[in-house]
Amino acid sequence: MAKLSLMFEEKLVKEVPVGARPVTIGRSPDNDLPVDNLAISNYHARVYFEAGRLVVEDLESLNGTFVNDLRIERATLHDGDSIWIGKHHIKVDATGDTAIPVNAGRKAAAPKLNETMVLDTKVRRDMLQQAAAMGERSQFSPSRIKMPTLVVLSGKVDQKEYVLINKITVIGKSPMATIRLRGWFKPNMAAQINQRDDGYYLGTGDVQPSINGARISGPVRLNDGDLIEVCGVRMNFIIRD
Amino acid sequence: MLADRVEGELVQIASSGLTDVGRVRTNNEDSFRVVEPLSLFILSDGMGGEAHGEIASAMAVETIAEYATQPEHDSGATLHGDEPNNNWSPKTKRLKNAIHLANLKIYQSAQKNPEQRGMGATITVVWVDSEKLSIAHVGDSRAYLLRSGTLQQLTNDHSLVAEQVRRGLITPQQAEESEMQSVLLRALGAHPDVEVDVDEIAVLPNDVLLLCSDGLTRMVTEPEIAGSLQAETNPASAAQKLIELANERGGLDNITVIVARFLDESPKGWLSWLRRGPSK
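Residue numbers (the numbering used here), protein chains in the order written: chain A, 1 to 241; chain B, 1001 to 1280.
Hints are supplied without guarantee of correctness; some may be wrong.
What the hints assert, rightly or not - With a cut-off of at most 20 Å between alpha-carbon atoms, the simulated PhoX-like pairs for lysine-lysine come out as follows:
{"no.": "1", "chain 1": "A", "residue 1": "K160", "chain 2": "A", "residue 2": "K146"}
{"no.": "2", "chain 1": "A", "residue 1": "K167", "chain 2": "A", "residue 2": "K146"}
{"no.": "3", "chain 1": "A", "residue 1": "K3", "chain 2": "A", "residue 2": "K91"}
{"no.": "4", "chain 1": "A", "residue 1": "K167", "chain 2": "B", "residue 2": "K1112"}
{"no.": "5", "chain 1": "A", "residue 1": "K3", "chain 2": "A", "residue 2": "K14"}
{"no.": "6", "chain 1": "B", "residue 1": "K1132", "chain 2": "A", "residue 2": "K173"}
Unchecked claim - To spell it out: a stretch of chain A is covered by chain B in this simulated footprint if at least three of its residues, at any positions, have a beta carbon under 8 Å from a beta carbon of chain B; those stretches are:
{"no.": "7", "segment": "30 to 40"}
{"no.": "8", "segment": "169 to 179"}
{"no.": "9", "segment": "204 to 212"}
To be verified - Some residues of chain A that are not near chain B, with every Cβ distance over 10 Å (derived):
{"no.": "10", "residue": "E10"}
{"no.": "11", "residue": "K11"}
{"no.": "12", "residue": "E57"}
{"no.": "13", "residue": "N68"}
{"no.": "14", "residue": "T116"}
{"no.": "15", "residue": "T149"}
{"no.": "16", "residue": "E161"}
{"no.": "17", "residue": "R182"}
By construction, these hints were calculated from the structure, which means they are not laboratory data. Idealized CB from N, CA, C, for every residue including glycine.
Bound-form chain A, shown alone (with noise of 0.2 Å):
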């Protein structure tokens, strides 16, 4: 079960399972966790699975709610992130749900291997169907078909919306681009957003998007709800069901 430890200055205030319930955390001594102190609004933000994903929402609070830095609307949290409410910091602690066992296919697959080898048909599908058991935290999980989709906010484009099904996604001016820009002066390769195998990445082209009103320089992988701006056009990742 995924666990959250409200900290203040290293310190641990108060900790929490999250289960089929939400989480709500804010000044109101009603909460789930109640954080006293101004800066945090009454109700701040809560924290729910969704889909088997940890996901942190926040409630329309006034000084904003941040996982690791950035600041979110809502996201998918991962073991380790840390959201972020005033001064104070909630860790996010989600080993004991994801119990994957990293090694899980070793014990089927036996021998210790240099020589590359094929997996022969029914102990592949004994160790996918393993795999399927434990996992939906994965944006390309198989038990559900995801569309991951950019909502154009503002900003001059040719749609309103693009399904990414492309390992790679270009935004700008070129004929080849995806998501086309329109205007004067708009670079041809502006942006790109390329699919791994851990979810989606925003990267750059001639210009340097942000994410979340941070600017990037590299690679930077998309969480469900982030907002992406390039070259004036202002857009949501969304991951739908």
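Put chain B on the given structure of chain A with help from the hints.
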């Protein structure tokens, strides 16, 4: 080298392929082929004891090169029982068929010759189709595209660890440290049928395409690969540099790389005017 575009325009590609046995092994089980007139790039990493890995990878490469160079009368036909996807270009379909054929040949050869039991091969093929790349792939060799300084893998590894990362079970770092890296979920020659991944990607000027066997990617990190491809604009020197790097790190496996650079637009000036006529 110049490859004809469908529209009659020119896309210029400079390419080079190179293979090396590495520092540990005594035989090279990798095979590759650059078919320049077709802008076709083929790479295969063989497996199986004795000399059989070499047989399998050579069979894969030769079968595909031959199939691709045949007259195109049946290019759109689906050779094998996959779902026909009519959205793929004829070249992409043709590559897919070629890989099914190669798989069957390797499988049958291994059935007929008991000493070849267990032989198999990976395959990664990229065919430049006017402004698109047709990509077809089975196994854990890789195709990458370097674009604006970002190196993007175009193929999914069909290895157990990569599948575990895709399912969110382990992190990419854990995958790199895993002892299970050599376990493949798919390869040519293991079964009479094989699932082939295909994809199409638009190319842009200045893109650099890299095909490589795992002898490179197990030894050299992606940022280092990106750095070498940016530093060495000549494809032959880039290929040489990557192989040197892999050998410096230990060269535990055979290393094969194919580097293709898409040059910045067609040549400008009077030469291009002569070739293409005045632009409209």
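Taking the hints in turn, this is what the structure says about them:
{"no.": "1", "hint": "A:K160 <-> A:K146", "result": "holds, 19 Å"}
{"no.": "2", "hint": "A:K167 <-> A:K146", "result": "holds, 15 Å"}
{"no.": "3", "hint": "A:K3 <-> A:K91", "result": "holds, 8 Å"}
{"no.": "4", "hint": "A:K167 <-> B:K1112", "result": "violated, 39 Å"}
{"no.": "5", "hint": "A:K3 <-> A:K14", "result": "holds, 11 Å"}
{"no.": "6", "hint": "B:K1132 <-> A:K173", "result": "holds, 17 Å"}
{"no.": "7", "hint": "30 to 40", "result": "violated (count 0)"}
{"no.": "8", "hint": "169 to 179", "result": "holds (count 3)"}
{"no.": "9", "hint": "204 to 212", "result": "holds (count 3)"}
{"no.": "10", "hint": "E10", "result": "holds, 26 Å"}
{"no.": "11", "hint": "K11", "result": "holds, 30 Å"}
{"no.": "12", "hint": "E57", "result": "holds, 21 Å"}
{"no.": "13", "hint": "N68", "result": "holds, 16 Å"}
{"no.": "14", "hint": "T116", "result": "violated, 4 Å"}
{"no.": "15", "hint": "T149", "result": "holds, 19 Å"}
{"no.": "16", "hint": "E161", "result": "holds, 20 Å"}
{"no.": "17", "hint": "R182", "result": "holds, 19 Å"}
In summary, the numbered hints that this structure violates are 4, 7 and 14.
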